[in-house]
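These protein sequences, in sequence, are chains A and B.
Last residue of the first sequence? That's 211 in our numbering, and every number before it is there in order.
Last residue of the second sequence? That's 255 in our numbering, and every number before it is there in order.
FYI, nobody ran anything at the bench for these hints, they're computed from the structure.
Worth double-checking, as some hints may not be accurate.
Said to hold, decoys possible - Result set (DSSO-like, lysine-lysine): computed pairs, CA atoms no more than 27 Å apart in a straight line:
#  : chain 1 : residue 1 : chain 2 : residue 2
1  : B       : Lys120    : B       : Lys25
2  : B       : Lys21     : A       : Lys184
3  : B       : Lys120    : A       : Lys200
4  : B       : Lys146    : B       : Lys120
5  : A       : Lys184    : B       : Lys146
6  : B       : Lys10     : B       : Lys21
7  : A       : Lys44     : A       : Lys76
8  : B       : Lys129    : A       : Lys184
9  : A       : Lys184    : B       : Lys25
10 : A       : Lys155    : A       : Lys184
11 : B       : Lys72     : B       : Lys120
12 : B       : Lys146    : A       : Lys200
13 : A       : Lys184    : A       : Lys82
14 : B       : Lys146    : B       : Lys132
15 : A       : Lys155    : B       : Lys158
16 : B       : Lys25     : B       : Lys72
17 : A       : Lys184    : A       : Lys200
18 : B       : Lys132    : B       : Lys158
19 : A       : Lys155    : B       : Lys146
20 : B       : Lys146    : B       : Lys129
21 : B       : Lys132    : B       : Lys120
22 : B       : Lys25     : B       : Lys10
23 : B       : Lys158    : B       : Lys146
24 : B       : Lys129    : B       : Lys158
Claimed, not checked - Residues from chain A that face chain B, not an exhaustive set, calculated with beta carbons under 7 Å:
#  : residue
25 : Gln160
26 : Tyr163
27 : Arg167
28 : Leu169
29 : Asp170
30 : Phe182
31 : Lys184
32 : Gln189
33 : Pro191
34 : Glu193
Ideal Cβ placement from N, Cα and C applies to all residues, glycine included.
What follows is the residue order along each chain.
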Amino acid sequence: METGSAITWKYPSCVLSGDDSVGEFYSVAVTNNRQQADTGTKMIHLGKNTRSTIVSKGISAGRSQGTYRGLVRVAASAEGARNHTQCDSLLLGHECGAHTVPYIEVRNPSATIEHEATTSKISEDQLFYAQSRGLDAEAAVALIVNGFCKEVLQQLPMEFAVEAQKLLGISLEGSVG
Amino acid sequence: MLKIENLTAGIEGKTILKGLNLTVNAGEVHAIMGPNGAGKSTLSYVLAGRAGYEVTGGSVSFQGKDLLAMAPHERAAAGVFLGLQYPVEIPGVSNLMFLRTALNAQRTLRGEKEASGAEFMKLAKAAAEALGLPFEMLKRSVNQGFSGGEKKRNEMVQMAVLEPHLCVLDETDSGLDIDALRVVSEGINRMRSQERATLLITHYQRLLDYVVPDFVHVLIDGRIVRTGGAELARELEADGYAGMAEAA
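Using the sequences and the hints given, assemble the complete structure.
Here it is, written out as structure tokens:
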């Protein structure tokens, strides 16, 4: 969960050295105003049949730029390694940007690597729908953003998930209207 | 309850409503019929306050208050409900979560107590059952993977839980098979009461066989050109809008 500083570079990583070891990376990065975040992970597969999962959700608002940068490296020793990466970006407004930069280095032909990426914008239709049911503009955005991050937020313990939702709301204050 | 006077409105500089007058009293059901492009959906969006729709003249008062001065969520809390022609999908947000957030936002704005989890679940279960929508579906993301008919039923579930004073239903009958049309119509009829008014916006007379309106208005080119009782809808069905436009 990253709401960060003016400029953030952050890549917490896993080295999967033992056979059958598993690495998981779930992240939500929110940027607003003029923030720049360049975040992601490195999954270094060394052992046999190692598996990793990356789920990254980026939300950019205001005039901010969000970048996902992730390395998946499969060493020659990592027979049967598998990775699945899912990288979704959500844009609020038309002055922000989202970028996805996957690095994939595979030195073992038995590896299975998947990378999925989407970029979407909160639609006028969604905002109006929520507003017409009684939510003000900020509550409507917060609700839609929380839905977008659900796969990551549901990995968190209950207490932290509640805090994370509030933090999302605060980070995006003033991003609509 | 609702008084629209000489309303002109449009989108992107294009005038669509050109001096519309309409008065709806509590307890009444009004149907607005008209050809494509007459301004039916524009009227519903203007009433709900959708961004991008610009009111250039006239007034709309709702229960004595200036509706046009209110933000969309304030209109909802005041009791205006818009059933959409194309209900929107919101991934990752369950129908229950969406509806409970909406209900409590409205109650908070009205200075009422929020619904407890148990109270809300009771309301939602009763509404889903009455409309033949499996309760399990309400646990899924808002309208995601719902068929056209299920989306419309879901709108009716929301309407039943939110208990608005004015129900504006934009083409609620479109895309419904005959069974779904009956269920949705029953949903609308159940909501009829002395304190509530309904505005049905529709192309076809079909819906009006099930929900019999007190008044039928014909909207052509941004104006109401004729008003009558339920029999007017049948006349339209027989003669079409073309004859109506000439007569006007």
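> Honestly, which of those hints from before does the structure not fit?
Replying inline: Those not satisfied are hints 1, 2, 9, 13, 32, 33, 34.
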